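Given next are the chains, with one letter for each unit.
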Amino acid sequence: MALMQFREALNQAMSEEMERDPNVFLMGEEVGVYNGAYKVSKGMLDRFGPRRVWDTPITELGFCGLGVGAAMVGLRPIIEMMTFNFSVLALDEVLNSAAKMLYMSGGQYNIPMVIRGPGGAAHMLSAQHSQALESWYAHIPGLKVVQPSNPYDAKGLLKTAIRDNDPVIFFESEVMYANKGEVPEEEYLIPIGVGDIKKEGKDITLVARGRIVNVTLEAAEALSKDGIDAEVIDLRTVRPLDEEIIINSVMKTNHAVVVEENWQYASMGSYIVDIIQKRAFDYLDAPIGRVHTEDVPMPYAHNLEKLALPSVDKIVKAVQETLA
Amino acid sequence: MALMQFREALNQAMSEEMERDPNVFLMGEEVGVYNGAYKVSKGMLDRFGPRRVWDTPITELGFCGLGVGAAMVGLRPIIEMMTFNFSVLALDEVLNSAAKMLYMSGGQYNIPMVIRGPGGAAHMLSAQHSQALESWYAHIPGLKVVQPSNPYDAKGLLKTAIRDNDPVIFFESEVMYANKGEVPEEEYLIPIGVGDIKKEGKDITLVARGRIVNVTLEAAEALSKDGIDAEVIDLRTVRPLDEEIIINSVMKTNHAVVVEENWQYASMGSYIVDIIQKRAFDYLDAPIGRVHTEDVPMPYAHNLEKLALPSVDKIVKAVQETLA
Amino acid sequence: MSKELVTEAQSEAALMPLQGLDRDKLYNMLYQMILIRRFEEKAAELYLNERKIGGFCHLYIGQEAVAVGAMASLRKDDYVFSSYRDHGHALVKGMSGGEVMAELFGRIGGCAKGKGGSMHMFSREVNFLGGHGIVGGHIPLATGSAFASKYRGDDRVTVCFFGEAAVNIGAFHESLNMASLWKLPVVYICENNRYGMGTALERAASLYDLSEKARAYNMAHAHVDGQDLLAMYDVTNQAIERARHESLPTFIEARTYRFVGHSISDPAHGHYRTKEEVEEYKQRDPIKTFTAMLIEHEMINENDVKDIESRVRSEVDEAVRFADESPIPPAEELYTDVYIQPL
Amino acid sequence: MSKELVTEAQSEAALMPLQGLDRDKLYNMLYQMILIRRFEEKAAELYLNERKIGGFCHLYIGQEAVAVGAMASLRKDDYVFSSYRDHGHALVKGMSGGEVMAELFGRIGGCAKGKGGSMHMFSREVNFLGGHGIVGGHIPLATGSAFASKYRGDDRVTVCFFGEAAVNIGAFHESLNMASLWKLPVVYICENNRYGMGTALERAASLYDLSEKARAYNMAHAHVDGQDLLAMYDVTNQAIERARHESLPTFIEARTYRFVGHSISDPAHGHYRTKEEVEEYKQRDPIKTFTAMLIEHEMINENDVKDIESRVRSEVDEAVRFADESPIPPAEELYTDVYIQPL
Ligand SMILES: Cc1ncc(C[n+]2csc(CCOP(=O)(O)OP(=O)(O)O)c2C)c(N)n1
Ligand SMILES: Cc1ncc(C[n+]2csc(CCOP(=O)(O)OP(=O)(O)O)c2C)c(N)n1
Ligand SMILES: [Mg+2]
Ligand SMILES: [Mg+2]
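Protein chains in written order, with the numbering used here: chain D, 1 to 324; chain E, 325 to 648; chain B, 649 to 991; chain C, 992 to 1334.
Because the hints were derived from the structure by calculation, they are not lab data.
Don't take each hint at face value.
Said to hold, decoys possible - Below are the DMTMM-like pairs computed for lysine to aspartate or glutamate, each with C-alpha atoms no more than 20 Å apart in a straight line:
#, chain 1, residue 1, chain 2, residue 2
1, E, 602, D, 282
2, D, 306, C, 1193
3, C, 1141, E, 618
4, C, 1174, B, 965
5, E, 602, D, 294
6, B, 831, C, 1200
7, E, 602, D, 285
8, B, 831, C, 1015
9, E, 602, D, 295
10, D, 278, E, 619
11, D, 314, C, 1200
12, D, 278, E, 343
Computed from a prediction, not measured in an experiment: that's the story for all the values here.
With the rest of the complex left out, here is chain D (with noise of 0.2 Å):
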């Protein structure tokens, strides 16, 4: 086992996908010669070349598309978006072709690519750069969609997506890039739709991803301290949802809590609770609770910003008020 960053097991994913696939290439803004804006991708240009890692013009649309075009012949793209903010640009290609293109083509054209980069918020960078975009992913059909909150798990899920044949897209975040985690030296791959839990318990299943699993852990850490004893289900996965991981956990515990760092009208976090409520709906013993993002674009000032995110505290509270 080795402890590295965040960054370093994402770059070593790609790098020996694309040591084992010639038709593997990293395509995205700064990718190549400034090594990637936030070091994801350092040293990779000079390890594969410029013919592997392409740094492009700022034209979310037009490379997100054309690594579609790419997939469609059997190229495998990776396609990295500085941030998801930037990505909406993009997301026409994203819906209208990647995820359609299966299925418009009756099963002929499939599209293996995967769009990766951070998103949600980092410090203080305000309304257009600090969102969380993954419901609007997760909502459409013919995408996956990935967010681990590890490296460990970061590694093991990219290389799955790399290697999987239908589009999947790939949270990251700007403030775990630098976290560290143990890696193993020997190859390993993190199944797509299979959660993972993070910490065992009792009382409370608490469901959270990417992130969020470590403010999540670090409220159940605080919880049991008063005695409560919390579940920490990380879904690793957001498209296709786990759900017998979840419903698992909640027939045991008879209490949820849905944790995510997006807004709260038709997320993810909403679809949760539905299935929670649908399919284990008499072993729950309270309303399912949820903690998410202010319904505010993101303040800047630091202490505004701090009060917009999900939190330790809004974690223990909601925790608390379900168990009441």
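Given chain D's structure and the hints, the job is docking chains E, B and C with the ligands onto it.
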């Protein structure tokens, strides 16, 4: 009262508001010379002239952004999307400019703008032209989202939307444009954010909006033959959600089914379920049911398209399951 | 700076009668144009009278010379993309009338099992990469298949057809910049039929000589009379060679006209263009002109034309029969092809 | 076809020394450039050493002559848009150092109550319409305020600043087409500082003479040395007049350079550009050049420069003091300004 088509009601709403306020103008593809792709703006170029009715190039991002800029300095644009399928290209300007401008500017620049057009499936328009995207817009704080189900509501809501000082997304439906309904001669407005009970009932609450209200009313009719007395709530507005009207109804009926023409993941319907279980948990006798579009891109073949969409049969079945 | 593509007048081939093409080739080109025309006429009939076809259905009538001329020197392994107005391109690329018609009918025997419909024809077999419904949306895709050819070092060429109204959209701009910057083997063919739905070019674009747009990307370009089959062939052929051998992109503006409404349900003329204008353009029907030229050069005679018409008729009839006999897709098809690796 | 804008060499004013501008005007222009420079230096210091500023913070150091020259003949009621690199434009448009600095600090006294931050300066008071973070995203907005001027028949002009990397994005293309098609009174100023983050222009654009891009929209255009304050003033002034009196758009490429990293947290040089290159450009520091020119023309002397520096120093100090004293936004501010008519 005059009997008129949905499209005529919309036309009246726009025309009256344009007479009333010289800052209101209409812009979109084919709205002028061609009289509208769906004839909603028929006659308006003749009536108001080219200064008030603008045909655009096919540049959704551009003209939607232009509308936002014009709204910043006090005009009140009505931007027509030929269909909301194409609005995805403009989403960046809606998410990052229209919805956030007031907040980012600390309250200085509001965006009095309406973006309107048809959403959802029509007949065999296939995957790229049949999408119901309200959930995406509803996700965004800073927007209001409206979705009427009949000519009367359409006119009253659109007039209110045009007078609203915040950005409003207004969803119509290709297949409703020819629907007829009574519309009073005298002026009236319908408030945004307030739902409407389209049919009272005591056994179960059906929550719907837009075109699907009519399908739901048909289902309620069918159910009444089986002695089931369903209450049908027409939300009229998607964001902000009229929680009270839903909760009051569920407290009475103790059962609910949420119907919508959206994909199931991270949709508005799932959010409504969340609100109900949160606020009326103790009143619920059974899990809340959902009817939604199947989790697939829309197929072309007529038989498959019918299977993909919400239908009277599906609603009846969901109600029966909920009441079982 | 920006290089004009050698135009037909200067090319050697152009100095030869009929571009130096042999009778078989010429005969086949005429056949293809007539096939498209009759196929589309049949589709209109089945849509309007028999309601066997649904949704939006955009016909290629009047523009046949563009597709036939442009693709005449393409290889089967070359890639072609089109917009929603795609039946003609699909047929010329080598798809059978049957699979296209069955797709229009929404039948399981259609090229996309009835799931795509008129706007979304696809064939992996002949490398027809669709049929796309968002204006301009396929231009980045075509740039991507060209990218793949460059990446792999194969010598395939991508040809991408789109309407003149697509030139104003961002995807066009972003694509042409990348194609030129990275020297991708792609030929962009803008079918300038003067209208996007009811909007005349000059009411939507600030520059009318669209081929000049390519200068902004330092890309080779040409405009060509799209009603002249051989000119279309010649100019495109040069662009294809340039792409295949020099891995360079070209932008071609083909000036053409649609004789019919925007889609089957739209009128051929109305507020936006007059009946007279349509009639005038019909005088330069590419099929009539090319037939006359071939007869004049004694490449074919009246009987050959009759022959073609009757062969086409049976091909179209056969397509309709095939479509008619093909079953509707079974209900399970609703859930297949969402993912290639089912969840 | 496409018209070259009259360039400074040919203009009458250019034949006069110092564009015929009077001492007050010239003095004030120098003052503004120095104000920007010192303000940005202070911001960097407070960001790096005192962590009073957070988030992304993009400095305008090296590019001062562009903003100052371009806006010198603007009226207060004219509209200005900028990208995330917006402090300089905000100050020149007339915003106070205090409200800009307090915004950087995230304080309630900031122009946006601390909710916008470095990338989102706004002032309705002086018609500074932001501060926008999505590359190219504000170009349609500026086209919109220009549209409003045309719609109303007022004679306000919109000036829109953006980087050279924004030229490749769809929003640029769509906007310029509409502005030219509809003859909107807008001046697009592309600040070509040669790099978008770490990507050199020639690695991202297929055409390097960016002003030529305007030809594709049949729009008047010019390129200008953005380090030469008076040239910048002259060219923009002509464009502004053209917009104000003829309601016509212009595209100006201002060639400039940023002396610092892309944002405060990025290095000034590295893989993408050498230290030597940066040093070389610093030789043509617009402040130094302009100061020397004014001294040479005996418009000012060394003492005036010292005066300016000390006035600027107190203005910046006062801005910092104001920001420091301004409270952080109260928690309720989280929920205000989402809707103007609260739900
Ligand atoms: C992005 C987008 N906006 C609008 C439409 C609706 N629409 C379909 S075809 C069309 C006109 C396109 O004209 P042109 O590109 O000239 O092609 P033609 O139909 O003439 O072949 C429009 C506006 C669309 N499909 N996509
Ligand atoms: C659409 C979009 N993509 C990517 C980014 C990230 N980004 C911010 S600034 C920048 C470079 C812009 O360069 P340029 O336009 O030349 O302006 P400059 O920074 O040089 O002033 C990039 C890529 C963004 N903000 N928006
Ligand atoms: Mg056209
Ligand atoms: Mg730059």
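Evaluation of the provided hints:
1. 602(E) - 282(D): Satisfied, since the Cα-Cα distance of roughly 15 Å is no more than 20 Å.
2. 306(D) - 1193(C): This hinted pair is violated, its Cα atoms lying about 41 Å apart.
3. 1141(C) - 618(E): violated (47 Å)
4. 1174(C) - 965(B): Violated - the C-alpha atoms of residue 965(B) and residue 1174(C) are around 53 Å apart, more than 20 Å.
5. 602(E) - 294(D): The hint holds at about 17 Å.
6. 831(B) - 1200(C): holds (19 Å)
7. 602(E) - 285(D): It holds: about 12 Å lies between the C-alpha atoms, which stays within 20 Å.
8. 831(B) - 1015(C): violated (52 Å)
9. 602(E) - 295(D): holds (17 Å)
10. 278(D) - 619(E): Given that 20 Å is the threshold and the Cα spacing comes to 17 Å, the pair holds.
11. 314(D) - 1200(C): Given that 20 Å is the threshold and the Cα spacing comes to 54 Å, the pair is violated.
12. 278(D) - 343(E): violated (50 Å)
In this structure, the earlier hints numbered 2, 3, 4, 8, 11, 12 are contradicted, and the remaining ones agree with it.
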